[in-house]
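S.K.: Kindly produce the complete structure, drawing on both the sequences and the hints.
Okay, here's what each chain looks like letter by letter:
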Amino acid sequence: MKRQRIGIFKLASCDGCQLAVLNLNEELFDLAELYDIAYFREALNRSPLKQYDIALVEGSVTTERQKKEIIEIRERARFLMTIGACATAGGIQALRNWANLAEFKRQVYPSPELISVLPTSTPVSEHVYIDYELWGCPVDAEALSETLVSLMVGRRPGIPIYSLCMDCKIKGIPCVLVSQGDPCLGPVTRAGCGALCPSFGRGCFGCFGPKEGANIDALMHRFEDLKMARKDAVLLMDKMNTYAYRRTRLEQDH
Amino acid sequence: MKRVKIIKEDLKTIFEALAQRYRTIGPKLVHGTVVMAESSFEDIPAGYEDRQGPGSYRLEKKETEEIFSFSPGADSFKKYLCPSSVTSFSFQKSAKGFVVDVPEREGMPLAFIGSRACDLAALSLLDQVFLDGPVRDQGYEGRRKSIFIVSVNCNHPSENCFCDAMGTGPYAKEGFDLCITEIRNWLLVEAGSVEGEKVLEILPHREIDAGDLDEKRIVIARCREMIKKSMKTEDLPGVIYRNLEHPRWTEIAGKDLECGNCTMVCPTCFCNSSYDVLSLRTVSSNLRDFSGVRRRTWDSCFSKNFARVHGGNFRPSRRARYRHWMTHKLAYWIEQFGSPGCVGCGRCITWCPVGIDITHELEELRRVR
Numbered sequence: 001m002k003r004q005r006i007g008i009f010k011l012a013s014c015d016g017c018q019l020a021v022l023n024l025n026e027e028l029f030d031l032a033e034l035y036d037i038a039y040f041r042e043a044l045n046r047s048p049l050k051q052y053d054i055a056l057v058e059g060s061v062t063t064e065r066q067k068k069e070i071i072e073i074r075e076r077a078r079f080l081m082t083i084g085a086c087a088t089a090g091g092i093q094a095l096r097n098w099a100n101l102a103e104f105k106r107q108v109y110p111s112p113e114l115i116s117v118l119p120t121s122t123p124v125s126e127h128v129y130i131d132y133e134l135w136g137c138p139v140d141a142e143a144l145s146e147t148l149v150s151l152m153v154g155r156r157p158g159i160p161i162y163s164l165c166m167d168c169k170i171k172g173i174p175c176v177l178v179s180q181g182d183p184c185l186g187p188v189t190r191a192g193c194g195a196l197c198p199s200f201g202r203g204c205f206g207c208f209g210p211k212e213g214a215n216i217d218a219l220m221h222r223f224e225d226l227k228m229a230r231k232d233a234v235l236l237m238d239k240m241n242t243y244a245y246r247r248t249r250l251e252q253d254h
Numbered sequence: 001m002k003r004v005k006i007i008k009e010d011l012k013t014i015f016e017a018l019a020q021r022y023r024t025i026g027p028k029l030v031h032g033t034v035v036m037a038e039s040s041f042e043d044i045p046a047g048y049e050d051r052q053g054p055g056s057y058r059l060e061k062k063e064t065e066e067i068f069s070f071s072p073g074a075d076s077f078k079k080y081l082c083p084s085s086v087t088s089f090s091f092q093k094s095a096k097g098f099v100v101d102v103p104e105r106e107g108m109p110l111a112f113i114g115s116r117a118c119d120l121a122a123l124s125l126l127d128q129v130f131l132d133g134p135v136r137d138q139g140y141e142g143r144r145k146s147i148f149i150v151s152v153n154c155n156h157p158s159e160n161c162f163c164d165a166m167g168t169g170p171y172a173k174e175g176f177d178l179c180i181t182e183i184r185n186w187l188l189v190e191a192g193s194v195e196g197e198k199v200l201e202i203l204p205h206r207e208i209d210a211g212d213l214d215e216k217r218i219v220i221a222r223c224r225e226m227i228k229k230s231m232k233t234e235d236l237p238g239v240i241y242r243n244l245e246h247p248r249w250t251e252i253a254g255k256d257l258e259c260g261n262c263t264m265v266c267p268t269c270f271c272n273s274s275y276d277v278l279s280l281r282t283v284s285s286n287l288r289d290f291s292g293v294r295r296r297t298w299d300s301c302f303s304k305n306f307a308r309v310h311g312g313n314f315r316p317s318r319r320a321r322y323r324h325w326m327t328h329k330l331a332y333w334i335e336q337f338g339s340p341g342c343v344g345c346g347r348c349i350t351w352c353p354v355g356i357d358i359t360h361e362l363e364e365l366r367r368v369r
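Those protein sequence lines, which keep their order, are chains Y and U. The numbering of the first sequence is the numbering used here, which starts it at 1 and goes up by one. The numbering of the second sequence is the numbering used here, which starts it at 1 and goes up by one.
Don't read these hints as lab results, they were simulated from the structure. Keep in mind it's a predicted model, so treat the numbers as computed, not measured. Think of the CB as a built atom: it goes at the ideal place given N, C-alpha and C, for glycine as much as any other residue.
Pulled from the structure, derived: some chain U residues nowhere near chain Y, Cβ distances all over 10 Å: (1) Met1; (2) Glu63; (3) Glu66; (4) Val129; (5) Ile147; (6) Leu203; (7) Gly211; (8) Ala221; (9) Glu234.
For each label pair, taking beta carbons as the anchor points, the in silico distance ranges come out as: (10) Y:Lys231 with U:Gly254: 18 to 28 Å; (11) Y:Ile161 with U:Phe89: 19 to 29 Å; (12) U:Gly133 with Y:Asn25: 39 to 49 Å; (13) Y:Lys231 with U:Ala221: 45 to 55 Å; (14) Y:Ile161 with U:Met108: 29 to 39 Å; (15) U:Leu244 with Y:Ile161: 22 to 32 Å.
List time: in silico SDA-like cross-link candidates among lysine to any residue, alpha-carbon distance up to 25 Å: (16) U:Lys28 with Y:Gly181; (17) Y:Lys171 with U:Arg295; (18) U:Lys255 with Y:Glu212; (19) Y:Lys171 with U:Phe306; (20) U:Lys62 with Y:Asp182; (21) U:Lys255 with Y:Met228; (22) U:Lys93 with Y:Gln4; (23) Y:Lys227 with U:Val354; (24) Y:Lys171 with U:Ser273; (25) U:Lys93 with Y:Tyr35; (26) Y:Lys171 with U:Arg144; (27) U:Lys93 with Y:Ile159; (28) U:Lys304 with Y:Asp217; (29) U:Lys304 with Y:Glu251; (30) Y:Lys171 with U:Pro103; (31) Y:Lys171 with U:Met108; (32) Y:Lys171 with U:Ser88; (33) Y:Lys171 with U:Cys271; (34) U:Lys62 with Y:Gly201.
M.R.: The following block contains the structure:
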């Protein structure tokens with residue numbers, strides 16, 4: 001049987017999600033046996049081919065060139081899946097979507113005139129149709145493996161869409177929000193990280209983005225009850241999934 | 001059944017005696033919270049008192065000689081009977097055929113130490129679900145049998161306790177091997193089974209008199225007075241069925257985070273999902289050989305996926321999901337098993353990040369608008 005061909009592409013990102021692929025460790029060999037890894041920007045020195053059965057895309061669209069690139073990737077791929085917060089939600093670079101680009105450039109770069117970017121950083125889904133998305137900053141290697149093996153056997157991947165709280169409770173971690181009054185994005189955030197921060201007694205940062213239909217306003221009100229300024233409460237969401245949290249909040253039913 | 005009077009040090013003896021034959025599970029401090037865990041006598045958070053409110057829990061060390069100074073904590077014994085994640089079986093498919101292997105239950109039986117009356121009531125509800133129904137759950141049955149239970153009558157109900165209203169507490173009536181009532185500087189221990197009596201035999205003998213039993217009654221009466229929360233159970237399930245379109249459901253949905261915390265901490269919520277775990281390791285490229293395990297993990301009716309079936313989702317809104325949870329607890333459960341699925345422990349109120357209070361919501365539903 002011919003192996004399916006995988007391409008792993010990168011747009012604007014830190015390469016951390018590609019590293020998560022490498023972090024499959026031993027399973028990486030199994031992956032290479034089951035699939036033909038034809039293009040892997042971070043790990044292989046190969047030129048892109050014409051067609052792919054599966055394209056994994058890391059990174060958000062932040063330049064004119066990337067806008068064309070993602071359309072090209074889509075045209076060459078039978079199945080396109082975004083991996084990670086940048087590709088799925090715009091990433092930390094989407095902070096500029098709510099700010100002044102020129103101001104950001106001036107603050108960050110010594111020669112801002114050399115920087116040629118779009119005024120916004122947007123998820124892949126705003127440019128092309130995507131078949132599946134994996135959240136996380138970075139994506140979880142296990143979820144990646146689960147998704148790829150599910151594609152292989154033809155089933156829906158077993159990636160939970162419930163809240164991080166569920167993972168906390170499954171792992172027996174007492175709630176930091178209730179027992180310490182620490183702000184935690186867990187109740188509105190997707191599970192997927194294995195409750196990493198709460199297991200160290202910290203509130204959730206929202207690496208895995210808003211869960212579907214998250215009731216963000218209700219949680220913000222709760223933070224205000226805990227004597228947190230509204231501005232600071234909203235700021236909690238302004239990280240790698242800022243675009244997704246803010247959009248979910250705007251689209252929320254009232 | 002036998003009753004004796006013991007002092008604190010004897011409690012340690014009980015712990016140690018049980019530890020010979022059981023894995024002792026009892027209250028323990030983790031991240032400033034009382035949880036149930038494998039523990040010894042020294043682990044009991046003696047002298048700690050909790051203040052609970054809707055969506056709030058704080059623990060404080062007090063100047064007291066009391067041992068059981070705290071009320072029910074963040075979790076319950078449920079996690080030992082219906083583990084949060086458990087392998088049901090493993091499977092292997094090859095040219096030789098398809099083999100299913102059910103893992104043997106290993107290890108010593110469990111002793112639950114410090115279970116409250118509400119915990120016992122929850123246990124009996126879980127028994128009804130998993131043992132008395134048309135299908136016996138073998139995994140549950142295996143874990144449940146030979147469990148030794150040391151219950152404790154409550155001295156310090158939390159602000160969210162309403163066991164009295166649900167008729168489940170505050171003192172244990174049955175379902176224990178030993179039951180402890182803490183009275184000033186001594187403990188009254190009552191046996192509830194032959195196994196329990198055997199444990200009492202190893203203790204220095206101090207018979208009790210009628211005065212000691214009066215003291216127990218006083219402790220219970222004082223505890224009852226301290227319980228401030230209540231739930232009006234009359235007209236259940238009717239009041240809910242008549243109000244399925246009450247505007248209150250929409251209001252709750254506005255506040256509800258549907259994070260699932262209430263269902264996770266509830267000692268009777270038992271819903272789970274099963275899933276086959278395969279890995280890149282165990283699948284061959286021609287798919288002729290594969291192996292994996294079936295894993296059963298806690299799930300919640302607050303998860304959007306929970307009611308997704310082929311063709312759609314039959315509880316598509318937050319309103320529908322909250323209504324389902326409360327209706328299951330306070331209405332369907334009564335029809336199916338003869339009593340509500342709520343034991344009045346108050347955990348869902350304390351551990352709800354936004355403090356939704358089931359007793360308050362039932363009151364709201366009773367209000368005609």
